[in-house]
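Protein chains: 4
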Amino acid sequence: MSLNTFGHLFRVTTWGESHGPALGATVDGCPPGVALAEPMLQHWLDRRKPGQSRYTTQRREDDLVRILSGTFEGRTTGTPIQLMIENTDQRSKDYGEIAASFRPGHADITYWQKYGIRDPRGGGRSSARETAARVAAGGVARAVLADLVPGLRITGYMVQMGRLRADRDRFDPAEIDRNPFWCPDASAAAIWAEHLDDLRKAGNSIGAVIEVVASGLPAGLGAPIYGKLDAGLAAAMMSINAVKAVEIGAGMGAAELSGTGNADEIFMGEDGRPRFSSNHAGGILGGISTGQDVVVRFAVKPTSSILQPRRTITLGGAETEIVTKGRHDPCVGIRAVPVGEAMMALVLLDQFLLDRAQTGGARGPIG
Amino acid sequence: MSLNTFGHLFRVTTWGESHGPALGATVDGCPPGVALAEPMLQHWLDRRKPGQSRYTTQRREDDLVRILSGTFEGRTTGTPIQLMIENTDQRSKDYGEIAASFRPGHADITYWQKYGIRDPRGGGRSSARETAARVAAGGVARAVLADLVPGLRITGYMVQMGRLRADRDRFDPAEIDRNPFWCPDASAAAIWAEHLDDLRKAGNSIGAVIEVVASGLPAGLGAPIYGKLDAGLAAAMMSINAVKAVEIGAGMGAAELSGTGNADEIFMGEDGRPRFSSNHAGGILGGISTGQDVVVRFAVKPTSSILQPRRTITLGGAETEIVTKGRHDPCVGIRAVPVGEAMMALVLLDQFLLDRAQTGGARGPIG
Amino acid sequence: MSLNTFGHLFRVTTWGESHGPALGATVDGCPPGVALAEPMLQHWLDRRKPGQSRYTTQRREDDLVRILSGTFEGRTTGTPIQLMIENTDQRSKDYGEIAASFRPGHADITYWQKYGIRDPRGGGRSSARETAARVAAGGVARAVLADLVPGLRITGYMVQMGRLRADRDRFDPAEIDRNPFWCPDASAAAIWAEHLDDLRKAGNSIGAVIEVVASGLPAGLGAPIYGKLDAGLAAAMMSINAVKAVEIGAGMGAAELSGTGNADEIFMGEDGRPRFSSNHAGGILGGISTGQDVVVRFAVKPTSSILQPRRTITLGGAETEIVTKGRHDPCVGIRAVPVGEAMMALVLLDQFLLDRAQTGGARGPIG
Amino acid sequence: MSLNTFGHLFRVTTWGESHGPALGATVDGCPPGVALAEPMLQHWLDRRKPGQSRYTTQRREDDLVRILSGTFEGRTTGTPIQLMIENTDQRSKDYGEIAASFRPGHADITYWQKYGIRDPRGGGRSSARETAARVAAGGVARAVLADLVPGLRITGYMVQMGRLRADRDRFDPAEIDRNPFWCPDASAAAIWAEHLDDLRKAGNSIGAVIEVVASGLPAGLGAPIYGKLDAGLAAAMMSINAVKAVEIGAGMGAAELSGTGNADEIFMGEDGRPRFSSNHAGGILGGISTGQDVVVRFAVKPTSSILQPRRTITLGGAETEIVTKGRHDPCVGIRAVPVGEAMMALVLLDQFLLDRAQTGGARGPIG
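Chains as they are written, first to last, in numbering that gives the first Met the number 0: chain A, 0 to 366; chain B, 0 to 366; chain C, 0 to 366; chain D, 0 to 366.
It should be emphasised that the hints constitute simulated quantities derived from the structure, not laboratory data. Worth double-checking, as some hints may not be accurate.
Since the list can't tell identical chains apart, any single copy or any two copies may satisfy a pair.
Each computed SDA-like pair below joins lysine to any residue, with the alpha-carbon atoms no more than 25 Å apart [claimed, not checked]:
1. K48 - L306
2. K200 - G150
3. K48 - P38
4. K200 - T259
5. K48 - D166
6. K48 - I175
Could you put together the complete structure from these sequences and hints?
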């Protein structure tokens, strides 16, 4: 986790700007012998691809990923895997206004202040387009996890749009792929659709909350103190564009609980493994997985690129107004769902490898 | 951020168990020539020290810190600084029950499952006692920051206990040191005191929300993508014992905002520097500091060690009940305040050094 | 320095196989605002390019480098720089024999044993072709160093081929670019030419010693203990294909010296800076640069791909003989010269940034 | 490998100065469940301890190591192991002269120039005393390796003192522990004893070459490119005080070999594993172990602290002479033998864990 690299052992370095010739991810430390081919990665990229409904940006990006290295005859060799996505829709529009003033809520001003130079085309490196590379790399991680942790399932979905929350009593996992919001509550999705139409027409945008769950993870992944599984997940999710908060299990709600209310009591399951009366811990105790579902939520702020004029300053320090024209996501949280899943996959695989290094995968027996 | 080490350039490795002979922190990468002496660190440790009010554990730990290396004639030499705190209150009580069964909400079960061995005395490495070493190391970071970022102020305080929230309209920074809860709202503190007395007598505990603010930080610290300042803060705070959520600026509330409501509009200040109409961003855009206050909040779950019996299992897999006797914090969030400040100091100094390495501290001019 | 990544702050991850579609380097942590364009990198790649004399492989590789990211209008932006070199000469020859048995002296057998899979085409990842990516990345480092350490000069040359040593009394830096061996001793170069012709005709190969010198480096780069400048250089040079030894200053010869003979006595130079009576230390004391020339030497073993049959085993464990046909370098040390220079540049820039982080570039005054 | 930390997964951070209250090593990432107690570490420290013959410094240092954390009931818990050695012989002599001028060949001048401050007492952090902490940490690594790689043997010995080389035809491993030079050639040891007596009486010192061999290491440890096993060994050995060169296998001599002479031809051994006709490669091909003996040599320069006056400068820039009084090693190479062994252990364990992480310990079958 250093500048553009994520992970300790399964290390992903993303590179590339929104409007440069290409972007991608350099994946180092991948276990050898894992079946890997471009369609396996394209599958995940297609889920993130814009322009799939009227609720995401109408930019056309095919986001075709190529594997340039690290495989031989359809299997990983253990050497670096270079994933490249060429930018096909680099519309050579005039970006003079963006270059001359700072869009509120964007990284324009901070990149400028830090580096004294910035690539204004489409936000350059700070564009959410970088997350395409994460999804591609996450696809590699998923392929490896399929070998190493059979039974693991990673599922992301939206649980809140603005003030409108999905109803957990109505959750049906089968619904997630049936609406444009990855929402497991079909009736919430219908309400959100209407709400988002209104916002979109008003040139406005809205925030969202995403939940990502990993089921089937064995106990024992993670580490004490700074290598905690939850600390890794927090960094991973907070590193996604526009994310402002990360919760594990009960999350902020844990502050409202009493000790008796919060305790996940422990029993023996019929399969001879511990089971818990509840999962306020979100599947993690002391930074180490319990074997329960690992549950992470994160809040995505509303897209800062909106059609309503906002006050700002120019590079020269003059006060002015700006309207961010272009094709933007009214709820960027929608497309954050596959990204959150990808980050979960990256964290879990990295932690799996760290654990295998230190313990050899041995586990303390219970019962 | 790897197992027991925090930081990229200012690297802190904490070590030691709750009931071993000593614990401490090995601090590497400290800039040379900084004035440093034990009383400067003791100052911060004394704030975290237990037994200061009836609302924290009555364990007696003097937590006296010694500097074993890395200074000469009262100044840092640029070589590793070893900070050691001897454990004086290692009451040799019988820990047989804890060793034989797993306390719900504690890391007992996950340490056992991962390592196949655990030090049951006082929670061993998973004890909140490890945070004493963080506070000591944070003291070193503060001494360095005093030289490198004059004007920087780091302030932590409690904003919520259970469902009881402090009222921001009543915030008075001077109150923070005047009540046992580090609460800037005196009237909230009074209510909390009563509430916590009830919980303590009932053998129960309660969660809390802590806010840590850094004022006077220059723009330009942090980095894009995985080295984001907010990603670093998220990992830092989530690594603290019992923390279940981290928020930056508007935090989870950002999900409820519209694009117009969320935008921090930009103006020119009279000092020739940008100022903002609001700070939903929490002082960070695109992972890089804006020069506004950096605002982080985190939720601390209620202490899992409570006097009310909880159901659990033994090492042998038998179901049983457990009561965690001993001297515990009814609201462990109280003592998390100095720890959150320490983590903020560690993150900011590390990011300062990373930025100085890459940019030399140069900044893009505005106006 | 972890698998395929080199460096702490200026981090280079190389990727790609000899006969894949492309190879390259992902450069992270580059300072912003540095002038950078493809011809600046191509300059160094052309020096390494094969087929320039009859003493290097006759493979045709144009080694054209493209910058895919990290620059805007000819300057670095501080974001990752992706350097890609497409492989144009992927002759689709039959590699069945290489795939079925292990070439002695090559990594064939160890890659197989470690990974259980290997890309046999041209040696795959273990091919010396990977060094093209290092040279490209080294070109970026040189561009940055030109800004940060004006006056720094990095020069590599060959000082020994087989048992034939160049004569230091005849060294003329101007000669280095005038012969195919980068030899500063013109008469040695003439003798080597004859010797190498004989070896080449006999289908044999020969080892070499390369020396790389950095002049104009300020005192104070490096760090104590494991971050020593010489430890970094040792790892850097030893990581180059076929290198079997690394020397700093007097090198192995230091073992033969007495304390009086080895001491580099110190005087004050007329420029008010320390100067030394000699440089047995190779410009490094206690892991930190003295301001003298940094002098590194490394030994390159003879190319293992030779036309004379060698005994080996097959994948199935049968004993056999192998002749490595193809277009090989009779003295692979020749092409290691630009690679050694590139590694020197990578180490020095990384150390410069590390030092700037910790000390801010301040220096203790003398006199 | 960053400042004072060595290793990727088995991470050792040494700390402490020659004349401070204590020094030690913080060991993170240790596998759990390994039997470990202080006498196991003391065994190795006693081999390095000064004052054991008239050929090493007469300083009295008991070098008693304490384990402050990371074990429970005699076994490692997987948490950080703190090893502390108190400095008992901090003779409070006047170090004014050393503080005021720079000893040639020492790090005095570079520490001063880099940091603007240095601890002059006994060389402070640059003292060879730091290697005691390495030996202690190496002892932990050996304990782990005994579990993970049964049959591994690490043996260090001196092969050259000044110009006097041991005769490989006379090597008898049993001799190593029988003379004060760890020399496997008894007759060489006798000659060296006489030679060193003369040097010592003359107030002079001498360099040496140490060889460290690891037998019984499985094939497959190490990694391509920058994670090469030999690159790690080079950094490890070069990080030892006074080391100026590192060789693997044929080392510098590889430069003199032809391709036919250098090839280690491969056969099938009777045990069904590959064997090699020779070991010019030093047990490493392409950065990965072959299963042969891993052979490393390093040159140690003569002690710079000698009784003959050397010319130098003062802090104020005046030219002067200095004589380094005190109790010094006439051949510091002698005490480097246990240190080289310790570094070999650290590298091998770290590489074992890295390999286990990536490949799970699987191996490609031959035959």
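Q.
Need the list of violated hint numbers for this structure, in ascending order.
A. The structure breaks hints 2, 5; every other hint is satisfied.
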